[in-house]
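**Q** If you're matching them up, the sequences are chains A and B in order.
Residue numbers for the first sequence follow this note's numbering, beginning at 1 and rising by one.
Residue numbers for the second sequence follow this note's numbering, beginning at 1 and rising by one.
The hints are simulated quantities; they were obtained by calculation from the structure and are not laboratory data.
All of these numbers come straight from a predicted model, not from anything done at the bench.
C-beta atoms are modelled at their ideal positions from N, C-alpha and C, and glycine is treated no differently.
Sample of chain B residues with no beta-carbon within 12 angstroms of chain A, all distances over it, derived:
1. F53
2. D92
3. N123
The list that follows gives simulated cross-link-like pairs (lysine-lysine, DSS-like), each with its CA atoms no further than 25 angstroms apart:
4. K27(B) / K87(B)
5. K56(B) / K83(A)
6. K85(A) / K56(B)
7. K132(B) / K27(B)
8. K27(B) / K85(A)
9. K45(A) / K27(B)
10. K27(B) / K132(A)
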Amino acid sequence: MADRELTPAEIEKLLAGDCLANLATVNRDGSPQVTPVWYGYRDGKFMIITHDNVLKTRNIRRDPRVSLSIATPDAPYAYVLAKGKARMTTDDLEAIVTSICLRYWGPEKGGDFARQIVESGQAVLMEITPDKLASWTRPE
Amino acid sequence: MADRTMTADEMEQFLSGTCLANLATLKRDGSPQVAPVWYEYRDGKFFVSTAGFAAKARNVRRDPRVSVSINSPGEPFAYVLVHGRAKLTTDDMEATVTSIAVRYQGDEEGRAFAQEVLKSSDNVLIEITPDKLITWTTVD
Chain A
1 MADRELTPAE IEKLLAGDCL ANLATVNRDG SPQVTPVWYG YRDGKFMIIT
51 HDNVLKTRNI RRDPRVSLSI ATPDAPYAYV LAKGKARMTT DDLEAIVTSI
101 CLRYWGPEKG GDFARQIVES GQAVLMEITP DKLASWTRPE
Chain B
1 MADRTMTADE MEQFLSGTCL ANLATLKRDG SPQVAPVWYE YRDGKFFVST
51 AGFAAKARNV RRDPRVSVSI NSPGEPFAYV LVHGRAKLTT DDMEATVTSI
101 AVRYQGDEEG RAFAQEVLKS SDNVLIEITP DKLITWTTVD
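If we strip away everything but chain A, and leave its shape as in the complex, we get (with noise of 0.2 angstroms):
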């Protein structure tokens, strides 16, 4: 079948599963940097969890331009790509880090990975508004 976009369905439903986004920052010299990162959705916003003192987070204070990417590991493919601006904030914090968590990792060891972020006191959200969204499948 041919390629085309997702539906705005198939993107909350691709979006609500639990594949890895890929997060694309600028370094102080101008060059990219991409990473591996959970995220969370809602209200048209990616959460990610973070530190302070880690490199996306600086980059993001320096330069909140970010690109990112969620696509499905396998065939048949699909992907998500959002560029937008970045900014840190700590509002909703415990909410927010316990449903990332439990997204990936289930009520077990997510429950205690999000208690654990949470009690080190270090723990920051990257709050990402999307300018752009562009999506593409594959259907087989």
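Take the given structure of chain A and dock chain B to it, following the hints.
**A** Same frame as chain A, but now just chain B:
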């Protein structure tokens, strides 16, 4: 469980699997652009097949700095992150396009897909020479 960097053998083995890569390039305005791609790792370089008119090819032609993330889709979590420089080439195009497609899709489907791709006179290879490789794996 513990996290550690991969041995050289583990990295070779991981990169010869069928995880997707995510390739980050720079747009004209300096913002990052990331997209999932198939790749091949050979002789210490990464090869990605794409259309010459594709954004990633145009981006690389203007600014060769790229970042690549190759990660396992789930547990056990493993990844290779690459910072490097890319150039466009058509050397060994048929062999490389075929070998990539066959690795991801199997012999029959892969060869048919490669033939389709090679019909286009615009197809190019992005050849990435890493300056830096970072690896990570989770072991029991």
